[in-house]
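K.L.:
What follows is each chain in one-letter form.
Protein chains: 2
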Amino acid sequence: MTQLRDVLAVDPESFRLDKVDPKGTPGLPDTKAVRKDAKAWSKEAVAAIGSELAAYQEKLFASAKSGQTSRRVLLLLQAMDCGGKDGTVRSVFGGLNPTGIKAVSFGPPTDEEKRQNFLWRVERALPAAGQVGVFNRSHYEDVLVVRVHDLVPENVWSRRYDQINKFEAAQAEDGLTLVKVMLHISPEEQRQRLLDRLDDPAKYWKYNPGDVTERARWDDYQAAYQDALTRCSTVANPWFVVPADRKWYRNWAVATLLRDALASIDPQYPPAGFDVETERQRLSTPDSHGS
Amino acid sequence: MTQLRDVLAVDPESFRLDKVDPKGTPGLPDTKAVRKDAKAWSKEAVAAIGSELAAYQEKLFASAKSGQTSRRVLLLLQAMDCGGKDGTVRSVFGGLNPTGIKAVSFGPPTDEEKRQNFLWRVERALPAAGQVGVFNRSHYEDVLVVRVHDLVPENVWSRRYDQINKFEAAQAEDGLTLVKVMLHISPEEQRQRLLDRLDDPAKYWKYNPGDVTERARWDDYQAAYQDALTRCSTVANPWFVVPADRKWYRNWAVATLLRDALASIDPQYPPAGFDVETERQRLSTPDSHGS
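These protein sequences, in sequence, are chains A and B.
My numbering applies: residue 987 is where the first sequence begins, and numbers increase by one.
My numbering applies: residue 987 is where the second sequence begins, and numbers increase by one.
Hints should not be assumed to be uniformly reliable.
Identical copies go unnamed one by one, so any copy, or any two together, can satisfy a pair.
Said to hold, decoys possible - The list that follows gives simulated cross-link-like pairs (lysine-lysine, DSS-like), each with its CA atoms no further than 25 Å apart:
hint	residue 1	residue 2
1	K1192	K1045
2	K1009	K1192
3	K1088	K1051
4	K1189	K1051
5	K1022	K1100
6	K1045	K1233
7	K1192	K1051
8	K1088	K1045
9	K1100	K1051
What the hints contain is simulated information worked out from the structure, not anything from laboratory work.
Isolated chain A, as found in the complex (with noise of 0.2 Å):
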């Protein structure tokens, strides 16, 4: 059977975003229920993803703990603005364990980290041996915002895709299973979506009169998004793009690759450090309190 993550992962040679429907929902399976109400049925899906997913971090977790794995789980989001990162986390992690969450959200670096590699700042957010992380935004913005501003010569940021990619690999060695996922929508989508912000004032907070000035600049994002997402897919971690008009995919979609690399790493519950039988005789001896 055919795995969603090969349906939507960006292959280096051929790939083409502007050949990706936003709108599209590949993968989706052909049921009745899809049929007779996709909405609902992603919400149903996407709930029972969740408790598989809370069950993966658990064991992810207990394995860590005992010291015997330092693997870890992160999922990374880039996209357009208005293209749904946000509603994707409270969505997709609504059922995890914040205890065992790790969320970074990536904004311009401060300057502090303007000081540093532009990788510093990322590798001191990464997750925990036992950890799901997730970035909103990330390293990639520098080769697409600062690519699309010039913010540095080109001499810098054309050496950064090989940079990502041997940053990358260093840490699929060290135990870091890492989906990266573009969130792709339309321009005509996020219009929508800045509208929608300016008509109810408990979302003005979300809207940035920066982020319609940018849009004059779509095509540079897009040739910018072209490059990372081909320049960066490799085997060990490969970019996935996601069609994001329609939230209710979006959402089972991402829900689904999660779950599949959590599934692929199949964390178990570490065996007892102890006796089993000692510890139930000491519970019951009268020196310890209680009983």
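Take the given structure of chain A and dock chain B to it, following the hints.
P.N.:
Positioned in the frame of chain A, the structure of chain B alone reads:
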């Protein structure tokens, strides 16, 4: 109407931990639904409070993003081993947005942490403006386990109560709303929970033989808690003791305390920092993309 916080708050003059029944349910509403099936009622009540918490969390996050406020909230959990700290976090924070949560667990200090003042690692772990934090254990361990096991001399730990009060008072001035909760279980309940962990291989990883050793010091721990609870329950930063043998009561009580803390802040969405009509116009002019 009496609020739950008034029922559970520690009065430094009169509080006696040994008079609190760990099986009690103080402040529980006396309604038909509760009398019929308190567990089922609690599950629904906690889910409903979770929705309120999520709404408050978004407003708190939004108000901080606008730079208008440094308000932030921290739930601090202390308990004897098996007291239910992890389960409480899962239950109470289940519906919140992970991006706005800062969850920190404190273990024995590292060598680096030992070289610093005991509050050093705590200050670094506080939630940022707009975040809701949760501490699983805290700086109170420095007057609990540290005192019971003489890890520092008495003239060091005995000064810490005042140091803690000053630290917390300064944070309150800086916008931190601190909800300090001790989950109070009985030694019999602890014994049962330890035995349950020995009965289920999926729970072995939570079982620590050292916990049985610590049970022999139960009364010393209770005395240390008595002092910490009364010496550090202030008007600005009161302690709450939640009877925790019944998990359904515990979850409801902690969720309610946290909800009421956020309600007293009453965070608001910030007003638009731009002209709404101008922005609508910008989004409909042809120099913006895709329309």
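K.L.:
Kindly indicate which numbered hints from before are broken by the structure, ordering the numbers from low to high.
P.N.:
Checked against the structure, the only hint that fails is number 5, while the rest are satisfied.
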